[in-house]
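Enquirer: Modelling step: build the complete structure from the supplied sequences, incorporating the hints.
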Amino acid sequence: MKPEPGKWLHGTLPENVTLGPNTVITGDLAFKRFHTRLPDGLRIGAHGTMDGVHFDLGENGRVTIGDYCYFTNVVLLCELEVRIGNYVVIGWNATLADSDFHPIAPAQRVADAIACSPLGKGRPRPPIACKVIIIEDDVWIGPNATILKGVRIGAGAWIEPGTMVTRDVPPGARIMGNPAEVIGEVS
Amino acid sequence: MSGRKLPWDWYDGELPQNVKIHEDAYVETSFSFRFFRSERSPGVEYGRGASTYLGTMFDVGPQARVKLGDFALVHGARIICDSEILIGDYALISWNVVLMDTYRVPTAVAGRRSELEALAQRELRIAAAAVEARPVRIESKVWIGFESCVLPGVTIGEGSIVGARSVVTTDVPPFTIVAGNPARIVRALTTEERDAE
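Residue numbers (this note's numbering), protein chains in the order written: chain A, 7 to 193; chain B, 1445 to 1641.
Don't read these hints as lab results, they were simulated from the structure. For glycine and all other residues, C-beta sits at the position ideal for the given N, C-alpha and C. One or more hints might be untrue.
[Stated by the list, open to error] Calculated cross-link-like contacts (lysine-lysine; reagent style DSBU-like; alpha-carbon spacing at most 35 Å): (1) K1511(B) / K1449(B); (2) K1464(B) / K1449(B); (3) K1449(B) / K38(A); (4) K1449(B) / K13(A); (5) K137(A) / K13(A); (6) K1511(B) / K1585(B).
[Claimed, not checked] From the derived model, a few chain B residues whose C-beta atoms are all more than 10 Å from chain A: (7) G1457; (8) K1464; (9) Y1470; (10) R1481; (11) R1492; (12) S1495; (13) L1517; (14) E1528; (15) N1540; (16) A1552; (17) A1564; (18) W1587; (19) S1610; (20) I1621; (21) E1636; (22) A1640.
[Unchecked claim] Here are some, though not all, of the chain B residues that point toward chain A, as calculated from beta-carbon distances under 10 Å: (23) R1522; (24) R1548; (25) L1633.
Expert: The following block contains the structure:
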């Protein structure tokens, strides 16, 4: 039997979203903040389950997700690029953010606050640090975890619930805490 | 409650038959039971004056049960349960808290892959692998701060406080404040605090 094409249960998918067969997206807020203009802004492989995920992509954001991924109520904040492999599980209310959203220098933040304000119409925002997030195959990320910009999580790593990940994680490592520490290896 | 529909509900659902609700308890929405699969009777039990609000999800497996004590207030917790989670009287559970007695998927990669392949074929897309579950006990008068996680097998003793965004990995003694990720003891409640009326 040929699997059904991918679908979003609550509406018509944006044109720049590609879903593999049998991938299901639920949640009416999935694309509430989906602003990317890239032709392949979001690409999800086959047999995925995206339950209550927020695909919050900036104008130039690109997210690719492999096959057999299972995310529950994940907040995906992407201004640049997030690449996720196959068989990745991300738990409830976890957050991934590939951007700082605002500049570090106070003077630049003043400019940014003005640009973002109701008075800032059309004013350009200062440059903001973004770095690609890469999550390799078979990674498990627990509920309430946070993955920040520039992080690469190696294949098969296990991220305990609530972990704050700010640095690369070696393949097969088990990590937890804030700041995150390696507490062992996946057996 | 007649018909098991909540008159004030925004979600078009019903309370499962094996959810036992004290007449003075409050359930904000039946959406909380979207992932409820318990076959036990009762699968969830609300004590007198207990309440659950939007965001609370009973992700409760077929053999599992959850009990909310009298006046327990659950403001939006993800309850991931395959054995038993007990929430004591007067417990206060804040928003985005995770109470889990199981990790739901095998830690070994091969087992996790087969579970994800099975999940993708299910009508209700939820992980249901037979992995170890260890009951969680939140004793009476416990207060858990927002976005904290309580991991499998943990007991939080009577009257204790868990600071916001903590991750509780081991038992917490009674009348103790813990905080941090992983959670550590900050201090014990003073005798004055314990005995205050």
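Enquirer: Take the hints in turn and mark each one as holding or not.
Expert: For each hint, the structure was consulted:
The suggested pairing of K1511(B) with K1449(B) holds, with an alpha-carbon distance near 21 Å, which does not exceed 35 Å. As the CA atoms of K1464(B) and K1449(B) are separated by approximately 13 Å, the hinted pair is consistent with the 35 Å bound. The straight-line distance between the Cα atoms of K1449(B) and K38(A) is roughly 29 Å, inside the 35 Å bound, and the hint therefore holds. A threshold of 35 Å between alpha carbons decides the hint, and for K1449(B) with K13(A) the separation of about 29 Å falls inside it, so the pair holds.
Only pairs whose Cα atoms come within 35 Å are accepted, and K137(A) paired with K13(A) is accepted, the gap being roughly 30 Å. For the hint linking K1511(B) to K1585(B), the alpha-carbon distance of about 15 Å falls within 35 Å, and the restraint holds. Once the 10 Å rule is applied to beta carbons, G1457(B) is consistent with being away from chain A; the minimum gap is 14 Å. Residue-level check passed: K1464(B) sits 25 Å from the nearest beta carbon of chain A, beyond 10 Å.
Y1470(B), annotated as away from the interface, keeps every beta carbon of chain A farther than 10 Å; the closest lies near 23 Å. Against chain A, the non-interface label of R1481(B) holds: every CB pair exceeds 10 Å, the least being about 15 Å. Here R1492(B) stays apart from chain A, with its beta-carbon at least about 29 Å from theirs, past the 10 Å limit. With a least beta-carbon separation of about 21 Å from chain A, S1495(B) lies farther than 10 Å from that chain, consistent with its non-interface assignment.
Residue placement check: L1517(B) keeps its beta carbon more than 10 Å from all beta carbons of chain A (closest about 19 Å). At roughly 19 Å, the least C-beta separation between E1528(B) and chain A is larger than 10 Å, which holds for a residue marked as non-interface. For N1540(B), the condition that its CB be more than 10 Å from all CB atoms of chain A is violated, with the nearest at approximately 5 Å. Distance check for A1552(B) against chain A: the nearest CB is about 7 Å away, which does not clear 10 Å, and the non-interface claim fails.
Chain A draws A1564(B) into its interface by the beta-carbon criterion, the shortest separation being 4 Å against a cut-off of 10 Å. Against the 10 Å criterion, W1587(B) stays outside the reach of chain A, whose nearest CB is about 18 Å from its own CB. Against the 10 Å criterion, S1610(B) falls within the reach of chain A, whose nearest CB is about 8 Å from its own CB. Every CB of chain A lies more than 10 Å from the CB of I1621(B), the least distance being 18 Å, so the non-interface label holds.
Even its closest Cβ contact with chain A, about 32 Å, leaves E1636(B) beyond 10 Å, as expected for a residue assigned away from the interface. Chain A leaves A1640(B) outside its interface by the beta-carbon criterion, the shortest separation being 31 Å against a cut-off of 10 Å. A cut of 10 Å between beta carbons decides the hint on R1522(B): the least distance to chain A is about 5 Å, and the hint holds. Contact between R1548(B) and chain A, as hinted, is supported at the beta carbon level, the nearest pair being about 9 Å apart and thus within 10 Å.
The interface hint given for L1633(B) is broken, as the beta carbon of that residue sits about 24 Å from the closest beta carbon of chain A, more than 10 Å.
Hint check: violations occur at hints 15, 16, 17, 19 and 25; the rest are consistent with the structure.
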